[in-house]
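Just so you know, the sequences run in chain order A and B. Counting from 17, one number per residue, gives the positions in the first sequence under my numbering. Counting from -2, one number per residue, gives the positions in the second sequence under my numbering.
Honestly, I wouldn't trust all of these hints.
Unchecked claim - Once the Cα atoms are required to be at most 16 angstroms apart in a straight line, the calculated EDC-like pairs of lysine to aspartate or glutamate come out as:
id	chain 1	residue 1	chain 2	residue 2
1	B	K77	A	D156
2	B	K8	B	D20
3	B	K259	B	D219
4	B	K101	A	E144
5	B	K267	B	D219
6	A	K242	B	E134
7	B	K47	A	E144
8	A	K243	B	D219
9	B	K168	B	D184
Unchecked claim - If you want the ones that stay clear, here's a sample from chain A, every Cβ over 10 angstroms from chain B, calculated:
id	residue
10	R70
11	G154
12	G224
For the record, the hints were derived by calculation from the structure and aren't laboratory data. Cβ coordinates follow ideal geometry from the N, Cα and C atoms, glycine included.
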Amino acid sequence: MGYITDGILKAFQLLVTGDPETYSAVFTTLKTTSLSITASLIIGIPAGFFLGYREFRGKRQVRTFVDTLLALPTVVVGLFVYAFISRRGPLGSLGLLFTIPGIAVAQTVLVTPIVVSLTATAIEGLDERMRVTLITLGADRFRIALASLREARYAVLTAAVTAYGRAISEVGVSMMIGGNIKWHTRTITTAIALETGKGDFSVGIALGVVLLLLAFVVNWGLIVLKKRV
Amino acid sequence: MTHTMLYRLQKLTFRYGEQFELDIPSLMMEKGGSFGFAGPNGSGKTTLLKILALLEKGYEGCLLFNGRDAQGLGDTVRTKVTYLLQDPYLLKRSVFENVAWGLKVRGERHGLRHRVNEALQWVGLDPKIYASRRWNEVSGGEAKRVALASRLVLRPQVLILDEPTANVDRKSALRIRNAIERIREEDGVTLVIASHDEVWLHDISGLVLRVSGGRIVGEGTDNIIHGPWISDVSDLSKKKLPDGQWIYGACAPHVHSVAVLKPSSIIISKKPPSEISAQNILSGVVAHMWEDSASEKVRVEIDISGTTFNCLITHYAAEDLKLLPGKKVWVVFKASSLLWQQ
């Protein structure tokens, strides 16, 4: 048990002394997840809103497909994205393999279904009285759509946080697309996997603590945001 | 061309699945009028109100609004008609934003704060205390008042209210009634109200229509008696009340027929009458009494085994009988006084 206690102590030591290798992984994680979550929200919120708000033929099938994507294993996403962006793939010329943008693309594929599905659920769950109220207060269709999205904002924020949690905690995509290159594409999760494999628990635990801290900051930010908006 | 008739309904029907149907052969409502709809839950009042609020367009038949077919009216007409739901919805914003929202949608931002504060005061909510509160920081009665303020601030031509005083405390109900009466006096708004608060409904409405089973079955304080009716001897039909008393009518056309009993057809007695030809002698308790300004008579509501009977008697009779709420009385009417609705 001693090595676990030692690991926790060393974790704080690494963080307090500003260990460059640890912080490199932290910043790489922040870069990839910031890019992927931004892209997934830009794509996922309008798509989810459309899916939840409008009635169209094949809606149920689309919904089932999106919900199925929620269970996508990270390695499967990694495999597909790898196939597309490797030198032999159709997007090989973009040079995304083993880069931070490459990881971000794959994470976007991974988490966008979460944003789409949870946003659609939030919109579908809106109170019918809200629509009647908006109409009777004189709103046109555009205003009703905008106000509906605003009424669902807490659920959409929760969708964003859930998606962020998925992006920051995944390891398969970062490993396969990023390659776990030290100082370059090594993220917190890939570093933990590597250090644990090497038997260096202290660095692994340190990075685990950082991961938990980041999750805490994001959720606390959500609570603050909910009180303000 | 100006139309004094605001609504004209002809052969209007609305189906809600297989179960419920609204059927209005003809109804006209003039501008500036005040119309009350009374009837039991599920009778079709809310559906009718939604149709009049131009929210429900899945009906068949004809509805003319201001002389124009309501089916073809665009969004702009919605700014003239506003509707308060029985269970209102507040937007997830502050009270101020809730009341201001309709004005902002209309682009009426001039004097916004003043207008919103004024509307909040109409419904008895101090803007200094309530304007900044969030939607979830007000009670049920206050929420209803906020929702009413958000309609009143729009200064609509037609104000349609579904049970505006239901499920709120007495203070909120009083504030709501005052605010509605105020806008009616100041703006001459056309009022359409569905309410179980019959005393107030008769007070504020020029015409009260009684709705039952999706049909307008009577006017004013007419008593509506629902089936099921059981055939009895001597060409009579009867209906059993929960306390075991029976109501007799002359041969009901159908087991579920609806009967109308005019208030003036009812005789009130202090003692159980005997040796009279009337079939119906029912004991009950006086629930409410109020002066009917239109007829200059006294309206008496008598509770008989959970069913309210409206009676219309003279001042002299009311004084002679020493009627007071809570007093036990006997209600007498002939079986032939029940008029069957088709």
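Violated hints, by number in ascending order, as checked against the structure: 4, 5, 8, 9, 11
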